[in-house]
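Number 148 in full-length UniProt numbering belongs to position 148 of the sequence shown; there are no gaps in the numbering.
Take these hints with a grain of salt, some might be off.
Claimed, not checked - Simulated pairs of lysine-lysine, DSBU-like, Cα-Cα distance not exceeding 35 Å:
| no. | residue 1 | residue 2 |
| --- | --- | --- |
| 1 | K600 | K515 |
| 2 | K594 | K404 |
| 3 | K238 | K368 |
| 4 | K358 | K404 |
| 5 | K358 | K368 |
| 6 | K368 | K404 |
| 7 | K238 | K594 |
| 8 | K238 | K404 |
| 9 | K106 | K88 |
| 10 | K404 | K515 |
Rather than coming from a laboratory, the hints here were simulated on the basis of the structure.
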Amino acid sequence: MAAADGRGLQALVALALDAGARGDYAGALQLLVQARAADPRNPELAFREGLARRALGDEAAALGCFDAALQLAPGHPAVLNARGLALKALGRADEALAAYEQALAKAPHFAEALNNRGALLRQQGRLDEAAASFQEAAAAQPNAAEIHNNLGWTLHLQGRHEDALACYARALQLRPGDARVLSNQGATLQALYRFDEAAAACEQALRADPGAWETWMNLGVARYGQRRPADALDAYAKAEALAPGAPELAVNRGNALQDLGRHEEALRAYAQALGARPDDAELEMNIANAWRELQRNELARPHYEHALTLAPGNADIHFNYGLSLLAAGDYERGWSENEWRWRAPGLGVPEPRYEAPKWLGREPLAGKTLLVHAEQGLGDTLLLVRFLPLLMARGARVLLRAQKPLRALLRETLPGIEVLGLDDALPAFDCWCPSMSLPLAFGTTLDTLPAAVPYLHPAPERIARWRAVLPTDRPNIGLAWSGNPGNAADRRRSLELASLLPALPEGPRYWCLQKDIAPADRAVMGERVAVFEENGFPDTAAQAVLMDAVVSVDTSIANLAGALGCRLYMLLAFSADFRWLAGREDSPWFPTAKLLRQEKAGDWSVPLARLAQLLV
Numbered sequence: 001m002a003a004a005d006g007r008g009l010q011a012l013v014a015l016a017l018d019a020g021a022r023g024d025y026a027g028a029l030q031l032l033v034q035a036r037a038a039d040p041r042n043p044e045l046a047f048r049e050g051l052a053r054r055a056l057g058d059e060a061a062a063l064g065c066f067d068a069a070l071q072l073a074p075g076h077p078a079v080l081n082a083r084g085l086a087l088k089a090l091g092r093a094d095e096a097l098a099a100y101e102q103a104l105a106k107a108p109h110f111a112e113a114l115n116n117r118g119a120l121l122r123q124q125g126r127l128d129e130a131a132a133s134f135q136e137a138a139a140a141q142p143n144a145a146e147i148h149n150n151l152g153w154t155l156h157l158q159g160r161h162e163d164a165l166a167c168y169a170r171a172l173q174l175r176p177g178d179a180r181v182l183s184n185q186g187a188t189l190q191a192l193y194r195f196d197e198a199a200a201a202c203e204q205a206l207r208a209d210p211g212a213w214e215t216w217m218n219l220g221v222a223r224y225g226q227r228r229p230a231d232a233l234d235a236y237a238k239a240e241a242l243a244p245g246a247p248e249l250a251v252n253r254g255n256a257l258q259d260l261g262r263h264e265e266a267l268r269a270y271a272q273a274l275g276a277r278p279d280d281a282e283l284e285m286n287i288a289n290a291w292r293e294l295q296r297n298e299l300a301r302p303h304y305e306h307a308l309t310l311a312p313g314n315a316d317i318h319f320n321y322g323l324s325l326l327a328a329g330d331y332e333r334g335w336s337e338n339e340w341r342w343r344a345p346g347l348g349v350p351e352p353r354y355e356a357p358k359w360l361g362r363e364p365l366a367g368k369t370l371l372v373h374a375e376q377g378l379g380d381t382l383l384l385v386r387f388l389p390l391l392m393a394r395g396a397r398v399l400l401r402a403q404k405p406l407r408a409l410l411r412e413t414l415p416g417i418e419v420l421g422l423d424d425a426l427p428a429f430d431c432w433c434p435s436m437s438l439p440l441a442f443g444t445t446l447d448t449l450p451a452a453v454p455y456l457h458p459a460p461e462r463i464a465r466w467r468a469v470l471p472t473d474r475p476n477i478g479l480a481w482s483g484n485p486g487n488a489a490d491r492r493r494s495l496e497l498a499s500l501l502p503a504l505p506e507g508p509r510y511w512c513l514q515k516d517i518a519p520a521d522r523a524v525m526g527e528r529v530a531v532f533e534e535n536g537f538p539d540t541a542a543q544a545v546l547m548d549a550v551v552s553v554d555t556s557i558a559n560l561a562g563a564l565g566c567r568l569y570m571l572l573a574f575s576a577d578f579r580w581l582a583g584r585e586d587s588p589w590f591p592t593a594k595l596l597r598q599e600k601a602g603d604w605s606v607p608l609a610r611l612a613q614l615l616v
């Protein structure tokens, strides 16, 4: 651009630049207006006035200045780039993109224009083009941290999370401790389920910039992933104070409230978000999940079905819809939807890989060897081994690949089944079936469910050994009040022994059947609850069949007792697993079980009162 003549004009411009550098954009604008009045045909002054007006938020006036500069200096790349930014801010995205393209036609390696073009393309959802633009920008200006950060976030949106992390690492090399980069890094680490690292990145970002609401939100998501829903709510509250009404916050707050069992509050949070995101499939799924947790599957179903019209290939929606159908007893559709579990990222369980074909009930099995792969928890395996004799009845040789804690028990109690470990070498087999797919393979409905018990039979010598230990002058009651603390559902399904003891009448001898005992529980056991010397599953099975009754929360012990045909009193959380169905006191899976359900989430008073009456 041509330089302005006159020392006075130069002084005005120098003062304006100094004011802008100090953040005094109003002062800079006043000086630039005076300068332009003195030299109205100077394109640089028009350009700088436009920059000052943009800094003050007056995008329309800034656009006028940039247009004036381009009339005086047509095709100038920096002015065209600035014009694109103003147009974007005014919501004129197509014109903004054209301005960036014009700038790049004049200066193909103009990194700032390449970066701005990438940001606009990303906003339009054109992620491949955006990534290409950011890559060009990074090549033109490899030491610009902002460009590497932008490229990283675009790769994140494409699902290329490891590549995104590499971009953030480069950006942090160039600008250590940058809060925006660390916040994005935290979000990408969340997508990889690396929640501890994600929380650490967000906490570091907030030390640098505690006023970034999106970082507080990202920290909340990380804490939610760490199974710290109360701490997640605290982070969301800080974000809400900085950005009231953000729909993303309402959704995440709803998720944390769901995890805390506060389902009605979760529904209110989702309703708040729904106004801003009326066609959001995952939000519809979250609403459906909340109704399902409230045991209102009839209200959940329309939301699942609407979500599937919006995102028909979303595996998480299909899987959760399947759980709702199964809980309602609609097994015909439920088992089919349950097959989406392998593709559901929310479940985080990869499908086993075998060279042999998967068997789902269609092909004949006579003369074939079939491998059943036990999946999910120990209780699931104990629930589903009831189907193995049906495979043998079809003429199959059956191999069962089971979890290590169950192998000895299943070898003892399943004659004719070859039980292998998950890490054992496998003999040759013709086909395989995941254990949770067995009900689908057999077309199982509530009417055809193989419900005969017992279907597990402990070794007689073990039973004889433990019978000699038990008193004969009073009833013996087995107890399992807590499960695996690593299970996401454990907080709501387990209770402390101190809460259970008042419901246990005097007289019977109570025996602990669970393997692990928390220190707080051990401290209150006293002489009321005895512990067996050996508690591996083979011995626990023998001990359980000798009990006059077994009292259990929803753990592997409950499934074991049911499989053994024990008299079983189940203490069930309000939001119970699908196998216990909704609203029933009996179980088609375990005919000897009586289900004692919470009437309110987190409140054990009703089921414990009923238990006390039943044990008298």
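Run through the hints listed earlier and report the numbers of any the structure violates, in increasing order. Violated hints: 3, 7 and 8; rest satisfied.
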